[in-house]
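Asker: This is what each chain is made of:
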Amino acid sequence: MTIFYALLVGIAMGALIQRVRASSPAMIAQNLRLENLVVIKFMAMTIAVGMILVYLLNLVTPMHFDIKPTYVIGVLVGGLVFGVGFGLGGYCPGTCVVGAGEGRKDALWSIGGGIFGALVFSLVFEALIAPINKLADYGKITLADVLHLPAVGVALGLGAIFLGIIYVLPTVVKKT
Amino acid sequence: MSHPAAPAARNVAEGSAKLPPWAMLGALFGVVSAFSILTWGPIGVSGTYPRFVGAVLRRLDPAFAVGNPYLEKMGSLIKPETFLVLGLLIGGFLASRIGDGRGSRTEFIHTGETTKGKRYRDAFIGGFLIVFGARIAGGCTSGHIISGITQLSISGLIFAAGVFATGIMTAKLLHKGGR
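These protein sequence lines are chains Z and W, in that order. Reminder that position 162 of the first sequence reads as 162 in the working numbering, one-by-one numbering, no gaps. All you need for the working numbering is the position in the second sequence, starting with 1, plus 176.
Errors might be hidden in some of the hints.
Said to hold, decoys possible - Which stretches of chain W does chain Z cover? Using the computed rule of at least three CB atoms under 8 Å from a CB of chain Z, they are:
id, stretch
1, 194-207
2, 211-219
3, 225-235
4, 282-293
5, 312-322
6, 343-351
Keep in mind that the hints were calculated from the coordinates and are not lab data. By construction, the Cβ of each residue, glycine as well, lies at the ideal position given by its N, Cα and C atoms.
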């Protein structure tokens, strides 16, 4: 049943990503050049609605939360490396799979690069990455833990801030 | 006498229903992401890449695959995430066939990409870096940014800050200096 739900979520997610054109590398490049903020605002909307929903639902039913550990150096370095690849290729690990479904040839090259990246990563993990990821590891912490506030309150507050930012930010900054 | 009120009421209704498409799609994605956490767990994509590599290597060179601590740690491909990734492929296919089919052509995204070869090169190197970076951090756009921040995780916020810092810099530099 879990597998069926995951497949369903994947299909919906793929269709939504395709519809908002987040699987278009040209669209991603425009967003990262801050000429057009459609995908950034789409993501912010997803997060705002998601956080409000999951923490409200959590009041009435147990949720399958899975918080990733905050090993500060590794998470930040990983993000910085990821950003270079994101800016260069215009794909993320999920959108290139959606792009491949659409029939984009460059998406296949991105998936190939990703598989090669995973192979190289598996070879250097023990020697290079594992030691870095032991540094400044604060474990599975959330904003609610840091602020010592109830999670549902933080979710409603941060969700409202995200919605406010979405409302204020322009969608098209520069016509291309 | 009810005439002046009627159009006003309709305007209000239209106004509230008239979210821009990206906002509607984003809200729907938020519902999907919440449904995922309700039914099995947060969405995440990048872990499937090393699990796929592990599955292939276990067939080609079982001794090597078993001796690799990272591939062992990531485990088998029989995981919900694998089916999520399969769903992405199907969802992208269906949505593009029902829609305008814009996806089939290759787009050049920087001034330096003057041939298809250069685009494929950028996509390949970009693909390498996004998965390598995501594996250092333990998640990608979906696992760290979407699901992570949705769950209020500090790691998601740090990862997002890193991604947008170099992402914006790279995209801007490549576009101006590319010619």
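Asker: Taking the hints in turn, state whether each one holds.
Answerer: Against the structure, the hints come out as follows:
| no. | hint | result |
| --- | --- | --- |
| 1 | 194-207 | holds (count 11) |
| 2 | 211-219 | holds (count 9) |
| 3 | 225-235 | holds (count 5) |
| 4 | 282-293 | holds (count 6) |
| 5 | 312-322 | holds (count 11) |
| 6 | 343-351 | holds (count 8) |
Hint compliance for this structure: no hint is broken.
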